[in-house]
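Participant: These protein sequences, in sequence, are chains A and B.
Per my numbering, the first sequence starts with residue 1, numbered consecutively.
Per my numbering, the second sequence starts with residue 114, numbered consecutively.
It should be emphasised that the hints constitute simulated quantities derived from the structure, not laboratory data.
The model shown is predicted, which means the values in this text are computed figures rather than measured ones.
Warning: the hint list may mix true and false statements.
[Said to hold, decoys possible] Listed next, with one range per pair, are the computed distances between beta-carbon atoms:
#: 1; chain 1: A; residue 1: E43; chain 2: B; residue 2: R170; range: 33 to 39 Å
#: 2; chain 1: A; residue 1: E43; chain 2: B; residue 2: S469; range: 34 to 40 Å
#: 3; chain 1: B; residue 1: R170; chain 2: A; residue 2: D15; range: 31 to 37 Å
#: 4; chain 1: B; residue 1: A504; chain 2: A; residue 2: E20; range: 23 to 29 Å
#: 5; chain 1: B; residue 1: P291; chain 2: A; residue 2: R28; range: 50 to 56 Å
#: 6; chain 1: B; residue 1: P433; chain 2: A; residue 2: N92; range: 31 to 37 Å
#: 7; chain 1: B; residue 1: P345; chain 2: A; residue 2: N92; range: 53 to 59 Å
#: 8; chain 1: A; residue 1: E43; chain 2: B; residue 2: P433; range: 23 to 29 Å
#: 9; chain 1: A; residue 1: R28; chain 2: B; residue 2: D119; range: 50 to 56 Å
#: 10; chain 1: A; residue 1: E55; chain 2: B; residue 2: D340; range: 37 to 43 Å
#: 11; chain 1: A; residue 1: R28; chain 2: B; residue 2: A511; range: 34 to 40 Å
#: 12; chain 1: A; residue 1: E43; chain 2: B; residue 2: D489; range: 28 to 34 Å
#: 13; chain 1: A; residue 1: G101; chain 2: B; residue 2: T185; range: 42 to 48 Å
[As the list claims (entries may be wrong)] Calculated lysine to aspartate or glutamate pairs in the EDC-like style (CA-CA distance at most 16 Å, straight line):
#: 14; chain 1: B; residue 1: K520; chain 2: B; residue 2: D502
#: 15; chain 1: B; residue 1: K520; chain 2: A; residue 2: E55
#: 16; chain 1: B; residue 1: K520; chain 2: A; residue 2: D102
#: 17; chain 1: A; residue 1: K97; chain 2: A; residue 2: E43
#: 18; chain 1: B; residue 1: K164; chain 2: B; residue 2: E175
#: 19; chain 1: B; residue 1: K164; chain 2: A; residue 2: E55
#: 20; chain 1: B; residue 1: K520; chain 2: A; residue 2: D18
#: 21; chain 1: B; residue 1: K520; chain 2: A; residue 2: D65
#: 22; chain 1: B; residue 1: K347; chain 2: B; residue 2: E329
#: 23; chain 1: B; residue 1: K164; chain 2: B; residue 2: D502
#: 24; chain 1: B; residue 1: K164; chain 2: A; residue 2: E43
#: 25; chain 1: B; residue 1: K520; chain 2: A; residue 2: D60
#: 26; chain 1: B; residue 1: K164; chain 2: B; residue 2: E153
#: 27; chain 1: B; residue 1: K164; chain 2: B; residue 2: E152
#: 28; chain 1: B; residue 1: K520; chain 2: B; residue 2: E508
#: 29; chain 1: B; residue 1: K520; chain 2: A; residue 2: E17
#: 30; chain 1: B; residue 1: K164; chain 2: B; residue 2: D248
#: 31; chain 1: B; residue 1: K520; chain 2: A; residue 2: E20
#: 32; chain 1: B; residue 1: K164; chain 2: B; residue 2: D249
We treat Cβ as the ideally placed atom computed from N, Cα and C, and that holds for glycine.
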Amino acid sequence: MTETVRAIHVGVPEDIEDGEAVVVPAERTGTGDGIAVFHCDGEFYALDDTCTHAEASLADGWIEDGEVECPMHSGRFCLSTGEALCMPATENARTHKVEIGDDGLWLHPGSST
Amino acid sequence: MSAVPDSVCVVGGGLAAVSTAAELRAQGFTGRVTLLSAEEHPPYDRPPLSKDVLLGRITYDEAALRPAQWYTDHDIDLYLGERVVSLDPAGPTVLTERGEQVRAGAVVLATGGVPRRLPAALVRPERTHVLRTLDDARGLRAALAPGTRVLCVGAGLIGAEAAAAAGALGASVTVIDPVGVPLVPLLGEQIATALHGLHHSNGVRTLQGALGQVHEGSDGTLTCTVDTAGGPEKVTADVLLTGIGTDPDPSLAADAGLETDRGVLVDARRATSAPGVYAVGDLAQAHPGTEERPQHGEHWENALKDAGAAAASILGNPVPAQGAPWFWSDRHGVHLEAVGTMSEADHTVVRGDVDSGSFTVFGLRGDRCVAAASLDRPHDIRAARRLVDRAVPVEADALADIVRPLKSLLRRPAAVRSR
Chain A
1 MTETVRAIHV GVPEDIEDGE AVVVPAERTG TGDGIAVFHC DGEFYALDDT CTHAEASLAD
61 GWIEDGEVEC PMHSGRFCLS TGEALCMPAT ENARTHKVEI GDDGLWLHPG SST
Chain B
114 MSAVPDSVCV VGGGLAAVST AAELRAQGFT GRVTLLSAEE HPPYDRPPLS KDVLLGRITY
174 DEAALRPAQW YTDHDIDLYL GERVVSLDPA GPTVLTERGE QVRAGAVVLA TGGVPRRLPA
234 ALVRPERTHV LRTLDDARGL RAALAPGTRV LCVGAGLIGA EAAAAAGALG ASVTVIDPVG
294 VPLVPLLGEQ IATALHGLHH SNGVRTLQGA LGQVHEGSDG TLTCTVDTAG GPEKVTADVL
354 LTGIGTDPDP SLAADAGLET DRGVLVDARR ATSAPGVYAV GDLAQAHPGT EERPQHGEHW
414 ENALKDAGAA AASILGNPVP AQGAPWFWSD RHGVHLEAVG TMSEADHTVV RGDVDSGSFT
474 VFGLRGDRCV AAASLDRPHD IRAARRLVDR AVPVEADALA DIVRPLKSLL RRPAAVRSR
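Next comes chain B alone, as it looks inside the complex (with noise of 0.2 Å):
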């Protein structure tokens, strides 16, 4: 085991970044810390960007991850614009665009995903907007007004937000996707169909298609031919907004010939192949057969977990037990949430009313829960999280029965009160 590094420089501005630095000093670290963000913009949290950012609900300082103070009083060195350009892994040493170079005992490569965009062939990247900085969102939000003509491509988590969002300021949405029912694998069946529908009632239009020609009028206009089982579809927009998936740019690593693949490759300590470097976020890709971690985890929690499991493999702490994985999104003032795997469960449950639009799926696998999705019952997750993560035995009726509180199915015996 190699010593506690007397210095750590994180490479990356996002959540994973952040959340290394403060789990370095909540687990004890006295060394420098350097933070080495790309952007201009003080660290920010993502989530709200396709929701409350683009509704304008809150300001973009609002959305930053930690208030300005916090960096001085944990005294981390914050440097924004900086964005590292090469990586020497003797040393470990980073080299910046501006010419910095920053020594230190570890680095954390940290610098998140991008999002994928539509072929330039097809249409002017100019002319699509993607949602993945608080500057898309920015740019965005001033594209839209009461009556903007929006087509969106792709009706996954973030596609389906944004799309909402353009909704609910009034533009008129199409969203489009080669899947009639998105993230079903993710959710089931009957989460997914019900989310999806949500779009229908709160007067975003669905499409399932493919987007096959973007023609671009004198005037601006955008008249876009959706392939459809029935045939061609035209649809006149005049934003096109894309929410078709991130990949992760590991050619920083790849350059440094450590082991990449979609991203750089990372045990369950989150190291890299490279001794003293380490990567996490949606930037890391896990080892195939790596038990700990999801080979992609690109939610929200998963930068938190990393985070904490690189800053304790870092200081030779032992790695913490990572939990099933869990996310949230909000659509149409709909809350939902999932926790586990819904693929690995051979048979599901329904607490709740269908009907009524919420309602929590309960994946089983045998006697064991290892697998929730609800909408508008955030209560039901809070207690499958649980169940998943210790494993507790569960009967099918005792979860669907309404009256029965989920709290009671984890009562370990020495909570259980003798009256």
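Just chain A, same shape as in the assembly (with noise of 0.2 Å):
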């Protein structure tokens, strides 16, 4: 089956600070969760906003050393590969793809990283 490619336009790199993250809603996703897009030392990365222990937004989190800390019960995720690192997150969170190109950020709903 081929799916089809699609990809978001979240706004040029400037648009979320350092340490910041922007959270593209459901509607716009089309994966069923929302999908927060991360800044971290200068990287971008985008992993489901929910977190996969509670309701919680990770977009809201604390985002440092490459990892973001659930803003609800501490639960940490790696940024780059989604993974679960400590309690009480247990299942991993789901990469997308998040690409810099010359007119801005543009995140690849569904595709892992």
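Dock the two chains into a complex; use the hints.
Facilitator: Right, here's the structure in full:
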């Protein structure tokens, strides 16, 4: 089965401060969840926004050293692989590809990194 | 230094037990790991029991600590319904009620705590609910319906969470506590007051006093006499719930001749007085003066830290730095978090608007943040944990300045970008 290649323009890199994230809402991603686009140490990453442990937005988490810490119960995820790094998170977060083009940041929902 | 054991037997089935097994594997242990849990349910997480499980928002299965497949994937032999009744420190060897004997290179005791109960002379134990196990939560939930009259004894963390959940389910709830505003030593005056006040604004009645008498009517109704400063007050209840703390039960260890006090005494390595025997979680009590661990650490995160430390000790790895204690609690839709030890602070700083009910109190000692407690400002606590653990000097004004991101106070020189 072929999948339609789809990308969402998220903005320009300057729109997301280092250590911050924005959420692309579920209505736009079409993946069933919002997607958080993170800026950490000059790199951009994207994960499903809802924590795999409980109802919380990872975009509201603490972003540092290539990881995001959930604002609710402090489960941590690797931004590049989505790996759940500590309890209470036990399920990995889904990753999505982010590309930096001449015209800004492009999110590819559903395409893992 | 003794050699790394070829097998480890963990006694218990809660967070500390399962996390010890997980940590052993994460730290590279390839020997046999046996987990003996007295409960028939696969290991589950306790925090949701007084919140989402009680509210019916998540299923019992969803409270599982790990999926069933995880135990297979990590080669962990999990036995349910195996209550350990004796420990022989020589070996060491444990014996279960069903007659199973397990000898292992190391034994980790992780049997947790037991909830305190009201004296049987006051009320028949069958008429009181406690909240510690999945079955407790299931039993309490079954007893609650719109209009059910609930008296909750104890307005600490668990009692307050359960009372709030019961109220949300439509029960008519009264919470009593001998302390007017509970949790002040833990959270500071402002947070504790705002938190306790949430009961009133959410239709849960609070009453300062102690349970004096309970009369059980022929129809099962409980007429409870609460002794208050203004005299005795009668509260009629269908359901009596207690949240008055837990105690470790160190009898297994004590019978085996290990050093015990309220709990099983451990050092910073979580080693007991018996070689090859460790204790973790709510069961463990640190020797007085052990700086690496609170003497009694009965929060969720403490179980994790103990597990990591015990696994490291067993494998001869360095025990990781522990960090300041941290916990969360939820009631009436408000998220509380706290870090550090508020009683160590010599002054406090407020960030956010106290009247709005969403604010953080930082506890400072000199120019160091030693504690913080927060209502619905979880980001502040993420910052506070790092300020405390990294012992970053901070200015009170900067903490209070709502416009200034707390992250800027933590920025290390290397991370400062030149533009």
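Participant: Which numbered conditions among the earlier hints are violated in the structure presented, ordered from lowest to highest?
Facilitator: Those not satisfied are hints 6, 15, 16, 23, 24, 26 and 27.
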